[in-house]
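Undergrad: So you can see what is in the structure, the chains are spelled out below.
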Amino acid sequence: QVQLQQCGAELVKPGTPVKMSCKVSGYTFTSYVISWIKQTTGQGLEWIGYIYPESGSTGYNEKFKGKATLTVDKSSNTAFMQLSSLAAGDSAVYYCARETTEALFDYWGQGVMVTVSS
Amino acid sequence: IQLTQSPSLLSASVGDRVTLSCKGSQNINNYLAWYQQKLGEAPKLLIYNTNSLQTGIPSRFSGSGSGTDYTLTISSLQPEDVATYFCYQYNNGLTFGSGTKLEIK
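In order, the protein sequence lines correspond to chains A and B.
Be aware that the first sequence starts at 83, since it is given in our numbering, and climbs by one per residue.
Be aware that the second sequence starts at 174, since it is given in our numbering, and climbs by one per residue.
Rather than coming from a laboratory, the hints here were simulated on the basis of the structure.
Some hints could be false.
As the list claims (entries may be wrong) - Examples of chain A residues toward chain B, derived with CB under 10 Å:
1) Tyr109
2) Trp129
3) Thr140
4) Asp172
5) Ser173
6) Leu186
7) Val196
8) Val198
9) Ser200
Unchecked claim - Within a straight-line C-alpha distance of at most 27 Å, the following computed DSSO-like cross-link-like pairs (lysine-lysine) qualify:
10) Lys105(A) x Lys145(A)
11) Lys278(B) x Lys145(A)
12) Lys278(B) x Lys105(A)
13) Lys145(A) x Lys95(A)
14) Lys156(A) x Lys101(A)
15) Lys217(B) x Lys274(B)
16) Lys217(B) x Lys196(B)
17) Lys211(B) x Lys278(B)
18) Lys217(B) x Lys105(A)
19) Lys145(A) x Lys196(B)
20) Lys274(B) x Lys211(B)
21) Lys149(A) x Lys105(A)
22) Lys145(A) x Lys101(A)
23) Lys101(A) x Lys217(B)
24) Lys95(A) x Lys156(A)
Just so it is clear, CB atoms sit at the ideal spot from N, CA and C, and this is done for glycine as well.
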């Protein structure tokens, strides 16, 4: 079965980066785009960007350009998202999701809760 | 495209017919989906392309709409339907609505 596995939680200090992973199983990793989505109580759900594992090509929501960097490791079927220079507003749950050709998110990871605090 | 969902909170009884609304700031051209998120879980795709039911989703869920106005209907509310429901448009950019929280009365 399709699974996207994310680690549970990160506590990070303001101004530091964080890198989170999304390990995929149950389908051919290079056949689907992986998107990342931010969820906060205040802003709701926001699409951050996508990466196509086959080529490494990426696309970003303008709001997250310079904040998020998406990469993959095809040898381990894992997608990564690095968030730079974290601030309080970056505290959120971050999901990875498999994106279909129609831009639908049909399978999701369980999410990573990132808390930015000194 | 911005999506406005109403109501933000809905309380209904088991067996009720429930209707949730999603309005876009521009024409969405039927590229509208609905997600269900239960407490502590990731969102789950229910409906796509306005009215297509995702595999495995109960038939009590249905979608309709056109242009800027879309609706998710639950024909007979069940206790397991308690969740927050988000609409999502993929016609122009990718954006989510702010959600409707559905409770049992």
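Undergrad: Decide, hint by hint, whether the structure agrees.
TA: Status of the hints after comparison with the structure:
{"no.": "1", "hint": "Tyr109", "verdict": "15 Å, violated"}
{"no.": "2", "hint": "Trp129", "verdict": "4 Å, holds"}
{"no.": "3", "hint": "Thr140", "verdict": "14 Å, violated"}
{"no.": "4", "hint": "Asp172", "verdict": "18 Å, violated"}
{"no.": "5", "hint": "Ser173", "verdict": "17 Å, violated"}
{"no.": "6", "hint": "Leu186", "verdict": "5 Å, holds"}
{"no.": "7", "hint": "Val196", "verdict": "15 Å, violated"}
{"no.": "8", "hint": "Val198", "verdict": "21 Å, violated"}
{"no.": "9", "hint": "Ser200", "verdict": "27 Å, violated"}
{"no.": "10", "hint": "Lys105(A) x Lys145(A)", "verdict": "25 Å, holds"}
{"no.": "11", "hint": "Lys278(B) x Lys145(A)", "verdict": "39 Å, violated"}
{"no.": "12", "hint": "Lys278(B) x Lys105(A)", "verdict": "40 Å, violated"}
{"no.": "13", "hint": "Lys145(A) x Lys95(A)", "verdict": "22 Å, holds"}
{"no.": "14", "hint": "Lys156(A) x Lys101(A)", "verdict": "17 Å, holds"}
{"no.": "15", "hint": "Lys217(B) x Lys274(B)", "verdict": "15 Å, holds"}
{"no.": "16", "hint": "Lys217(B) x Lys196(B)", "verdict": "20 Å, holds"}
{"no.": "17", "hint": "Lys211(B) x Lys278(B)", "verdict": "17 Å, holds"}
{"no.": "18", "hint": "Lys217(B) x Lys105(A)", "verdict": "19 Å, holds"}
{"no.": "19", "hint": "Lys145(A) x Lys196(B)", "verdict": "23 Å, holds"}
{"no.": "20", "hint": "Lys274(B) x Lys211(B)", "verdict": "10 Å, holds"}
{"no.": "21", "hint": "Lys149(A) x Lys105(A)", "verdict": "22 Å, holds"}
{"no.": "22", "hint": "Lys145(A) x Lys101(A)", "verdict": "18 Å, holds"}
{"no.": "23", "hint": "Lys101(A) x Lys217(B)", "verdict": "25 Å, holds"}
{"no.": "24", "hint": "Lys95(A) x Lys156(A)", "verdict": "30 Å, violated"}
In summary, the numbered hints that this structure violates are 1, 3, 4, 5, 7, 8, 9, 11, 12, 24.
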